[in-house]
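> Heads up: the protein sequence lines correspond to chains X and P, in order.
According to our numbering, the first sequence is numbered sequentially starting from 93.
According to our numbering, the second sequence is numbered sequentially starting from 450.
These are computed hints drawn from the structure, not numbers from a lab.
Any given hint might turn out to be false.
EDC-like, lysine to aspartate or glutamate: derived pairs with alpha carbons at most 20 angstroms apart [unchecked claim]: (1) K256/X <-> D511/P; (2) K257/X <-> E507/P; (3) K227/X <-> E507/P; (4) K256/X <-> E507/P; (5) K227/X <-> D477/P; (6) K256/X <-> E473/P; (7) K226/X <-> E507/P; (8) K226/X <-> E503/P; (9) K257/X <-> D511/P; (10) K128/X <-> D360/X; (11) K658/P <-> E707/P; (12) K226/X <-> E473/P.
Now the stretches of chain P that chain X is said to cover, found in silico as 3 or more residues with beta-carbon under 8 angstroms [as the list claims (entries may be wrong)]: (13) 518 to 528; (14) 546 to 555.
Note that beta-carbon positions come from the ideal geometry of N, C-alpha and C, so glycine has one too.
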Amino acid sequence: MEERINNPAARLYRSMYLIRRVEEEIIRLYPTDKIKSPVHLSIGQEAVAVAVCDQLDKRDYVFGTYRGHALYLAKGGDVPRMMAELYGKVDGCARGKAGSMHLVDPEVGMMGTSAVVATGISNAVGAALALRMKKSPAIVACFFGEGAVDEGAFHESINFASLKKLPILFVCENNFYAIYSHVKDRLAGPGLCARARAYGVEAELIEDHEPMKLHERVGAAVAAVRGGSGPRFLECMTYRWRDHVGPGEDRIHQYRPDDELNAKIEGDNLKIVGDMLPPKLRQSIEAAEEKRIADAIAFAEASQFPADREVFEHVFTN
Amino acid sequence: MSSPTEASRTLTYGQAVFEATRSEMARDSSVFVMGQGVDDPRGMFGTTLGLHKEFGAERSFDVPLAEDAMTGIGIGAALLGMRPIQVHQRMDFVLLCMNQIVNMAAKMSYMFAGAHHVPLVIRAIIGRSWGQGAQHSQAFHSYFMHVPGLRVVAPTTPHDAKGCLISAIRDNNPVVMIEHRMLHNVQGVVPDASYEVPYGRCRTLSSGKDITIVGISHMALECVRAKHLLLDAGIDAEVIDPVSLSPLDGEGIARSVERTGRLLVVDTGWLSCGASSEVLSAVFERIGHKRPFLGRRLGYLPTPCPTTKVLENLYYPSAQSIASAAYGLVRGEGAAAWQPAAVDSREVVEFRGPF
Chain X
93 MEERINNPAA RLYRSMYLIR RVEEEIIRLY PTDKIKSPVH LSIGQEAVAV AVCDQLDKRD
153 YVFGTYRGHA LYLAKGGDVP RMMAELYGKV DGCARGKAGS MHLVDPEVGM MGTSAVVATG
213 ISNAVGAALA LRMKKSPAIV ACFFGEGAVD EGAFHESINF ASLKKLPILF VCENNFYAIY
273 SHVKDRLAGP GLCARARAYG VEAELIEDHE PMKLHERVGA AVAAVRGGSG PRFLECMTYR
333 WRDHVGPGED RIHQYRPDDE LNAKIEGDNL KIVGDMLPPK LRQSIEAAEE KRIADAIAFA
393 EASQFPADRE VFEHVFTN
Chain P
450 MSSPTEASRT LTYGQAVFEA TRSEMARDSS VFVMGQGVDD PRGMFGTTLG LHKEFGAERS
510 FDVPLAEDAM TGIGIGAALL GMRPIQVHQR MDFVLLCMNQ IVNMAAKMSY MFAGAHHVPL
570 VIRAIIGRSW GQGAQHSQAF HSYFMHVPGL RVVAPTTPHD AKGCLISAIR DNNPVVMIEH
630 RMLHNVQGVV PDASYEVPYG RCRTLSSGKD ITIVGISHMA LECVRAKHLL LDAGIDAEVI
690 DPVSLSPLDG EGIARSVERT GRLLVVDTGW LSCGASSEVL SAVFERIGHK RPFLGRRLGY
750 LPTPCPTTKV LENLYYPSAQ SIASAAYGLV RGEGAAAWQP AAVDSREVVE FRGPF
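Chain P with its partners taken away, still in its complex shape (with noise of 0.2 angstroms):
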């Protein structure tokens, strides 16, 4: 991981991907970008602008709308040496690559036993705001993380979002990145070397003693924002961001648990059989047996995302609720109940699409 004394700059979250990608296919050929868009005049939200033409058309180039044969075609360039980054602007569309994703390419090193390796990375973006509606808004990570053989990772900020993918790019394994459209705008300080994010290893975010509160992708900004609430109420909640959802860095977060004895987890998605239930069983079961502790989860309403705005405010956590939450669980049930005023997430109010 790189150190702060190296050189370094603000980028957003999307040019931080830009520059992962980028510095990854001018340091080996092997590494080529394809899908819907990605030589389009927008570039995918500006993570893969102009790369064709820097690193000429066969090494970035637009598919035919057929996510699933194009992923199998994605995982055949790998078994002969090559590391594809397959681009998907919504999640959404990946289900059409569920097959290939989960059959061949999580399947391949373990069915023949490591005779192949798939070095493939796939690029999900989760849509939200500006109406995108329910099937311009899902986040399937929890279905990744189920299949052994891939690895999953949603980092949160530009900093991770660089070093996560050149870790992909890196791996001779396939390997699913989150992104959430929310993220793309989002400033954060990258250091300009080269450097892997690790996998299995969270990030505290922010440091506290009264509760531990993670956040997953997106939701992790929020987690900072709701940290600042709780501070009025007299509340010091630790944040931690996952950044790794599959491996899971169960043990960080246990020990934060440990200390705090309450773990609320709000995830970027649905909550049954989701990445939230994983975080907490995974607490549950290193710690359970020596320190008991109160755990709740937040995540999307259990109901398909709705257009519009006064029903989507309602669907997605905010900071808003998550401290209340943490609130409840800090103070117990005997407490009377907190509501902090509503505060905005920039990154959303100023989202106007249009995807």
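Chain X on its own, in the form it takes in the complex (with noise of 0.2 angstroms):
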């Protein structure tokens, strides 16, 4: 990998700069369909994957959903695996496998993403708890969506994290749609934050288009995290500017204001971020980028697919 920037808005511009345009690079490729995976895209999302995992160290757990790509991307997942993941290669993180909803990459502790909403959670907690048995200086990030926040594994599993004073920080991307269905109409009383608080986790809600606040939010909970005080509950607002699954637009099913959507695209945190930079620094992260997404795909398309035999490989570990 390359050294660390000291700035962090560079850091974060290149991170999301890379899952934005891999991205890109998938819509540009799905119609030849040799990505044989459903995509859940996340463009509009990428800050807080980004601003999360630029907060956590390598040794850190993250444990993502089904919209994986930029939480695979921002805790270092390997590029070229990940692409000839999507094209059912061998050379895949998990040789084909997986797809686009399960990518995994162990050595940087991307868990793996599930895409049972809300499954996932409860095993970040018991990670979490494996740390504690272990008396590991490491921590947990778990990342899912509000519509997880329905499900009644996030409530049994935030109670027993809170419980035993886990150190697992819960990342809750309200992006206010579960498919196409909005978070008021699924949710009673007043809101996540206050459900987090309700056992005894301290919560905090942080706005779309403040990528840089996120960051910083994101670093003092991650502390609070580590110094062992238990779990921290951070809200972050964001917006997914594509359909719910597929490289395509939703417009058309109409279930969102268009304005709404422009307004977001208009603000759209890459940019913010981007502009933070001098223009030849940004240049040449974006040139730097640019090749490893090429490069990446050129490894996909080099793969091979695995042999017949691999069908049966696997369903037990030795």
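Take each chain as given, in its own frame, and dock them per the hints.
What follows is the structure in structure tokens.
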């Protein structure tokens, strides 16, 4: 990996740019049908995963969801192996058995993603329990959408995490919509943070369009969790530009106002962070990431499909 | 597997489970126990009694009434190298864990192509008698047998209870261990030493030549009783305990049926899509083309379990009904029906609960 850049905005921009451009390449490649996997794009939501992962160490663990490209890349997941995975190739991070929805890279603490909403939350809490038992200095960050807070698994899990004061940061990416269902049609009571506080967990809401504030607040939360004061909950407002699933836009369904989407695109977090950088630095970051992406796609193209015998492999681990 | 020459003594099934747990916790600091009531004064029918005192509250602890998340938490701990043993006083409540067991535990190794594995043991106890009723008596082993990525064991003897649990704890994969509550007080010879009972190998509890009777979990005991009844009718039954349900030793059972030409499968559960169907088809697919045989299944009546004793007695197969069914298979349709006198199942009769 490249050396860590001292300027936090430059670090965030590099990572957000990588995610944005990888997903734009996925959109470009999708009509070729080489990516035979449903994709849930993070375009518009990059800042959350990037800000959180920048405040984590490599040894820390993250658990995510099927909308997991951003988290995988932000945590430092291998780009060529991700592309090969999307292509269903044997050099993919899960040898083609996972696809877009189950990216994994244990080398960098990317512990995987689940397509069944909220199920990964309890796994993340279990990992935090293991860290406690092993007296490890590492922590866990657990990512989920606001839809997951509808699920009983969230409530059962955060209760236990609080009860045992486990080293875990709950990161709720509130993009308002569970597929096309608005949060106001699903949520009773005074909001998501209040739910976390009901379990004795300190919670904070951070508005969209504030990537640097998000970065700063995550830093404080991570320090608190690492300091042993138990779990924290961050509700990070964000917005998905594309359809719930697939590479396209979804304006045709008219489940959300065009004006709402337009305003979010107008206030693009990637641009906000990019504009903070000197043009030369920005250009050099972009050139380096473009090369990385082109190499990753070439790697995926060149990789082979798994042999037939692999269908039986890994059902069990020896 | 242990040999009879090694030091051994008589233990109950529950004591054997306790001994396996305790010895593995002493051997490997990543092994821990979690479950509702594991550290309470009853200690899960004695199988976890006092472990929290011996190994500390971090390694044997009570949990909130949150089966779904607690299963997921066990899986998460297993992903980081711990070896959790989760205990459920009644298997009925394991239905609340199905999402995590089926969607996560069973899939992790495959979905992530070996990048992860889940060394998790789920002990599920099936209830019976003393008024357990419809929601404290269900046996769902076939649900788990259906799912690739899970191992399912159902030991009947104290010897196998100890060895299966040790195998499960040391396994890098999720294992569901079925324990019948009626077995917990049953005694048997258990070696002192540590040993593993292998998966996919059935155990012949009693040899015979006229019919193969396969009994799952507690029903294996009833099948042994039925064998004694059948001897009075001049029928020599072979009784087989599958021990391991997934993988199932289809070969071993088929070899017996090849000799006897008759197969009766008696399950601790319902018949439809059940373990008994799986045993029957496993044998048929192996030898059906070369050795025609008669087959039949017995199990719970196709009703929820009634609470009142008179109806409950009808609900479960008994040594009497097993012997009668076996007689019918051996003597053929033309023979007059035969029903031996009922025999008491000591572990059922003596059970006074309350749970």
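> Run every hint past the structure and note whether it holds.
How the hints compare with the structure:
1. K256/X <-> D511/P: Holds: K256/X and D511/P sit about 12 angstroms apart, inside 20 angstroms.
2. K257/X <-> E507/P: 13 angstroms, holds
3. K227/X <-> E507/P: 12 angstroms, holds
4. K256/X <-> E507/P: Given pair K256/X, E507/P holds - Cα atoms ~10 angstroms apart, limit 20 angstroms.
5. K227/X <-> D477/P: Measuring from Cα to Cα gives roughly 16 angstroms; hence the hint holds.
6. K256/X <-> E473/P: 25 angstroms, violated
7. K226/X <-> E507/P: The hint holds at about 11 angstroms.
8. K226/X <-> E503/P: Roughly 18 angstroms between the alpha carbons, so the hint for K226/X and E503/P holds.
9. K257/X <-> D511/P: Roughly 16 angstroms between the alpha carbons, so the hint for K257/X and D511/P holds.
10. K128/X <-> D360/X: Not satisfied, since the Cα-Cα distance of roughly 29 angstroms exceeds 20 angstroms.
11. K658/P <-> E707/P: Satisfied, since the Cα-Cα distance of roughly 10 angstroms is no more than 20 angstroms.
12. K226/X <-> E473/P: 18 angstroms, holds
13. 518 to 528: holds (count 11)
14. 546 to 555: holds (count 4)
Taken one by one, the earlier hints fail for this structure at numbers 6, 10, listed in ascending order.
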